[in-house]
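Asks: Okay, here's what each chain looks like letter by letter:
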Amino acid sequence: MQVSVYRYNPDVDDKPRMRDMSIELPEGQDLMVLDLLERLKEQDPSLSYRRSCREGVCGSDGINMNGLNGLACITPVSQVAKRGKLALRPLPGLPVIRDLVVDMGQFFDQFEKVRPYLINETPPPAQERLQSPEQRAELDGLYECILCGCCSTACPSFWWNPDKFVGPAGLLQAYRFLADSRDTAGDERLRDLEDPFSVFRCRGIMNCVNVCPKGLNPTRAIGKIRGLLVKQGT
Amino acid sequence: MVTQVTSLARSGLADFLIQRLSAVVLALYTLCLLSFFAANDGLDHVQLAAFFGSASMRAFSVLAVLSTAAHGWIGLWTVGTDYLRPHYFGAQAAVFRMVFQVGCGLLLFIYVWWGIRLFWMLPGPA
Numbered sequence: 001m002q003v004s005v006y007r008y009n010p011d012v013d014d015k016p017r018m019r020d021m022s023i024e025l026p027e028g029q030d031l032m033v034l035d036l037l038e039r040l041k042e043q044d045p046s047l048s049y050r051r052s053c054r055e056g057v058c059g060s061d062g063i064n065m066n067g068l069n070g071l072a073c074i075t076p077v078s079q080v081a082k083r084g085k086l087a088l089r090p091l092p093g094l095p096v097i098r099d100l101v102v103d104m105g106q107f108f109d110q111f112e113k114v115r116p117y118l119i120n121e122t123p124p125p126a127q128e129r130l131q132s133p134e135q136r137a138e139l140d141g142l143y144e145c146i147l148c149g150c151c152s153t154a155c156p157s158f159w160w161n162p163d164k165f166v167g168p169a170g171l172l173q174a175y176r177f178l179a180d181s182r183d184t185a186g187d188e189r190l191r192d193l194e195d196p197f198s199v200f201r202c203r204g205i206m207n208c209v210n211v212c213p214k215g216l217n218p219t220r221a222i223g224k225i226r227g228l229l230v231k232q233g234t
Numbered sequence: 001m002v003t004q005v006t007s008l009a010r011s012g013l014a015d016f017l018i019q020r021l022s023a024v025v026l027a028l029y030t031l032c033l034l035s036f037f038a039a040n041d042g043l044d045h046v047q048l049a050a051f052f053g054s055a056s057m058r059a060f061s062v063l064a065v066l067s068t069a070a071h072g073w074i075g076l077w078t079v080g081t082d083y084l085r086p087h088y089f090g091a092q093a094a095v096f097r098m099v100f101q102v103g104c105g106l107l108l109f110i111y112v113w114w115g116i117r118l119f120w121m122l123p124g125p126a
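In the order they appear, the protein sequences are chains A and B.
Residue numbers for the first sequence follow my numbering, beginning at 1 and rising by one.
Residue numbers for the second sequence follow my numbering, beginning at 1 and rising by one.
Chain B extracted, bound-state conformation (with noise of 0.2 angstroms):
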């Protein structure tokens, strides 16, 4: 048993889950991105609007924005303990990597409180 003190859940099994789970709701939530604006031509602000203001739509927002968290944090953690390792940055690995881990862990959080602000300061329908 490896362990793992940064990863997201600290069990393969549960980044694997959440990865694979995520990316499912990151796919439906383009299709419905998609189907929207395929359907939906000349679209102006209020339609917009009234589009991602349902109680649905914010819903399924918020998820899709912490499914891209959640998924972007475990492929980037994967990415960091791939790459910058002794062999590559020599005896400062280390510190590379915390150093790349927080600014991701930083920018994700900033990304997720902004997200849910936006979504849930849209004006609902009228």
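The following block holds chain A by itself, in its conformation from the complex (with noise of 0.2 angstroms):
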């Protein structure tokens, strides 16, 4: 098999390369991608990524297979590789580091910026502040998101305005907070977003939905929190 593999030391190169490697895959199994990395790592040590996990729950190995973003350790070869070729880059739009590894500063700053945390100013109960089952339900599908930044990183709006569009995955945090019944910030957190570009620059072209490893849906997310805007507002 052909993989193409994107590479880059800024220590020794001028810009980046894509660099052919071939790789035997073995007869009747269907490797992850992240196996793949590693067997191309075994050829060359010095290709960089990043990896903990490898089953899909630390969100760390999130790159860009034959153009689509997501986890090396949950993607099977056969999925992304067309034609017996696979070209492997950095998630795209975040500055590189080094081969796959890009620096994650403004996806973690845009995530900081939602206040990514419970906020209740009245005094705690002894025990626990509950939730009914279905107060509980309205988290689900905005919880698990995981952080990869494959939704991000898919974004065009985020790719141009990552100092200022929040990026699909702060504000799918934004609103798992807003939709907190536990939460009392939220007309505060809502006022925060208002601007042109924190929400509103979405154009809901769906890229984030596509790659979400976990399944999730940020777009419908944004839609929610426009339409909590909309209320507050009017």
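Don't read these hints as lab results, they were simulated from the structure.
From the three backbone atoms N, C-alpha and C, an ideal C-beta is built for every residue, glycine too.
Be aware that a few hints might be false.
[As the list claims (entries may be wrong)] Pairwise CB distance ranges, derived in the manner of DEER restraints:
| id | chain 1 | residue 1 | chain 2 | residue 2 | range |
| --- | --- | --- | --- | --- | --- |
| 1 | A | L25 | B | G105 | 54 to 60 angstroms |
| 2 | B | P86 | A | N120 | 39 to 45 angstroms |
| 3 | A | G204 | B | W120 | 34 to 40 angstroms |
| 4 | B | L21 | A | N210 | 27 to 33 angstroms |
| 5 | B | A93 | A | I205 | 22 to 28 angstroms |
| 6 | B | V24 | A | K224 | 46 to 52 angstroms |
| 7 | A | P92 | B | A94 | 46 to 52 angstroms |
[Said to hold, decoys possible] Stretch-level coverage of chain A by chain B, calculated; a stretch enters the list once three of its residues show a Cβ under 8 angstroms from a Cβ in chain B:
| id | segment |
| --- | --- |
| 8 | 14-27 |
| 9 | 65-71 |
| 10 | 223-232 |
Both chains are given apart, each in its own frame, so use the hints to dock them into the complex.
Replies: Written out as structure tokens, the structure reads:
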């Protein structure tokens, strides 16, 4: 199999390049892309990428595989390879540190902006703040995000305004706390998102939905935030 | 909160609502024109002047001109802030964006001035 890998070491290279490597795949087995990377690293130990849990939980190994963002550890080679060829690139739009490793600073700066934690100034009860099963169900499809960055780095609005547009991952978390019955800072959260960039720069092209390895729907969450903003503003 | 002095309302929500409301106005205006032209074959100047010169059509046309300008400004402002950035234009990006926005603003102003003048100067129905 022919694998073309993005290589860039800023200490040595003037500019990035794609390096073609060939690898024999075992018969009758469908490897994950992360397994493929491990084998490529055996060939060339200087190849750099992030990985940790290797089971789609930690969100470390988000990369771009034949043009589609995803987690290398849970993406079968057969799903992304085309005619025996596979191009592996870092997540688009973020500064590359080395090879497939990107600087996630901008991504986490935006995540931090939405204050992704429960805010409740009322005195805490003796044990815990309770929710009804219905209130808890409101958080389904929101809390599962693993912050791999696949969605935000597939979003042209985030590529163009990474310093202003919160991006799908951050907005999914923003709605996760807006929808939480225990949170009391809803109005304040909405005020912080009301400007022309933070939420409204989303053009609804749904790249985020297309690539989310957890099957989440940030576009729907963004639509609900817009709905809340309209309700608050009218 | 990200602030931008050059957006229409300096509020994403207001821009969002203006863009959608203006789109509805333009869709209704288009439907109105299409149904008029579909229902009337072989129109002459007198009939057209009577149609566009009626008080309701004058008001609707001016509203459509204003909607086009508001819709256009928000859209073009978005395009400018998306594409005219240092990533593509280097240190001069802010200058390019300013020139682009001033140019768009000027064109839309001329369009509104000309549109209102045109529809207001039409002779009324005989």
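Asks: If a hint holds in the structure, say so; if it doesn't, say that too.
Replies: We went through each hint and held it up to the structure:
Taking 54 to 60 angstroms as the suggested C-beta distance range, the pair L25(A) and G105(B) conforms, at roughly 58 angstroms. Take P86(B) and N120(A): their Cβ atoms lie about 41 angstroms apart, and the range 39 to 45 angstroms holds. The beta-carbon spacing between G204(A) and W120(B), approximately 38 angstroms, falls within the hinted interval of 34 to 40 angstroms. Hint check: L21(B) to N210(A), Cβ distance near 30 angstroms, so the stated range 27 to 33 angstroms holds.
As the Cβ distance of A93(B) to I205(A) is approximately 24 angstroms, the hint placing it in 22 to 28 angstroms holds. In this structure the supplied range 46 to 52 angstroms is violated for V24(B) paired with K224(A), their Cβ-Cβ distance being about 22 angstroms. The hinted window of 46 to 52 angstroms between P92(A) and A94(B) is violated, with their beta carbons roughly 25 angstroms apart. Counting residues of the segment 14-27 of chain A whose CB falls under 8 angstroms from any CB of chain B gives 0; the rule of at least 3 is not met.
Proximity of the segment 65-71 of chain A to chain B, defined as three or more residues with a beta carbon under 8 angstroms from a beta carbon of that chain, is not established by the 0 residues found. Note: the segment 223-232 of chain A has 3 residues with beta-carbon separation from chain B under 8 angstroms; the three-residue rule is met and the coverage holds.
Violated hints, in rising order: 6, 7, 8 and 9; the structure is consistent with all others.
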